[in-house]
Amino acid sequence: MRKRQAGSNKPVGPGNGTQEVTRVRTPRKDRNEVLATVASLLGSKRVTLQCMDGVVRMGRIPGSKKKRMWIREGDVVIANPWEVQDSKADVTWKYTRPQVEWLERKGYLN
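Mind the numbering: the sequence shown is residues 79 to 188 in my numbering, read in order.
Please keep in mind that the hints were generated in silico from the structure rather than gathered at the bench. Since the model is a prediction, treat every value here as computed from it, not as a measurement. One should not assume that every hint holds.
Derived SDA-like pairs (lysine to any residue); straight-line CA-CA distance at most 25 angstroms [said to hold, decoys possible]: (1) Lys-184 to Met-130; (2) Lys-172 to Met-130; (3) Lys-107 to Gly-152; (4) Lys-144 to Lys-166; (5) Lys-145 to Gly-132.
Here are the in silico distance ranges between beta carbons for each label pair [claimed, not checked]: (6) Ser-122 to Arg-183: 33 to 39 angstroms; (7) Ser-118 to Trp-160: 18 to 24 angstroms; (8) Gly-141 to Thr-100: 25 to 31 angstroms; (9) Gln-163 to Arg-183: 29 to 35 angstroms; (10) Glu-179 to Met-147: 16 to 22 angstroms; (11) Arg-150 to Arg-101: 21 to 27 angstroms; (12) Val-133 to Trp-180: 30 to 36 angstroms; (13) Ser-122 to Glu-179: 28 to 34 angstroms; (14) Gly-132 to Val-102: 31 to 37 angstroms; (15) Lys-184 to Gly-141: 18 to 24 angstroms; (16) Ser-122 to Trp-180: 28 to 34 angstroms; (17) Glu-161 to Arg-183: 29 to 35 angstroms; (18) Asp-164 to Leu-187: 19 to 25 angstroms; (19) Ser-165 to Thr-100: 20 to 26 angstroms.
A virtual CB, placed ideally from N, CA and C, is assigned to each residue, including glycine.
Please construct the entire structure, taking both the sequences and the accompanying hints into account.
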């Protein structure tokens with residue numbers, strides 16, 4: 079594998095950023111999971127989610143996922159609504175761009 083040139087942030091090696099989708103995690107109804115799009119960032123691990131069931135929820139990123147999942151506006155995630163308060167949810171999964179394209183092709187996203 080080649081070394082990067084100084085000041086370059088492009089990936090080096092075969093592929094050059096083209097990712098292939100091998101397996102995509104879909105939301106499971108038995109676990110009460112729904113697809114959602116991040117509408118806005120509220121700060122302090124909180125986001126506003128526009129869920130596919132038509133409800134706008136306040137999402138919380140659990141501490142175990144906070145440093146691993148960098149979430150921005152427009153990202154597609156899996157949300158797990160709370161049983162106690164339906165207006166709140168936990169963010170459990172974030173999709174990559176090729177996975178979002180696969181979900182759109184298969185009809186999971188409207």
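Hints and how they fare:
no. : hint                                   : result
1   : Lys-184 to Met-130                     : 15 angstroms, holds
2   : Lys-172 to Met-130                     : 15 angstroms, holds
3   : Lys-107 to Gly-152                     : 23 angstroms, holds
4   : Lys-144 to Lys-166                     : 17 angstroms, holds
5   : Lys-145 to Gly-132                     : 29 angstroms, violated
6   : Ser-122 to Arg-183: 33 to 39 angstroms : 35 angstroms, holds
7   : Ser-118 to Trp-160: 18 to 24 angstroms : 20 angstroms, holds
8   : Gly-141 to Thr-100: 25 to 31 angstroms : 29 angstroms, holds
9   : Gln-163 to Arg-183: 29 to 35 angstroms : 34 angstroms, holds
10  : Glu-179 to Met-147: 16 to 22 angstroms : 19 angstroms, holds
11  : Arg-150 to Arg-101: 21 to 27 angstroms : 23 angstroms, holds
12  : Val-133 to Trp-180: 30 to 36 angstroms : 25 angstroms, violated
13  : Ser-122 to Glu-179: 28 to 34 angstroms : 31 angstroms, holds
14  : Gly-132 to Val-102: 31 to 37 angstroms : 23 angstroms, violated
15  : Lys-184 to Gly-141: 18 to 24 angstroms : 32 angstroms, violated
16  : Ser-122 to Trp-180: 28 to 34 angstroms : 32 angstroms, holds
17  : Glu-161 to Arg-183: 29 to 35 angstroms : 33 angstroms, holds
18  : Asp-164 to Leu-187: 19 to 25 angstroms : 22 angstroms, holds
19  : Ser-165 to Thr-100: 20 to 26 angstroms : 35 angstroms, violated
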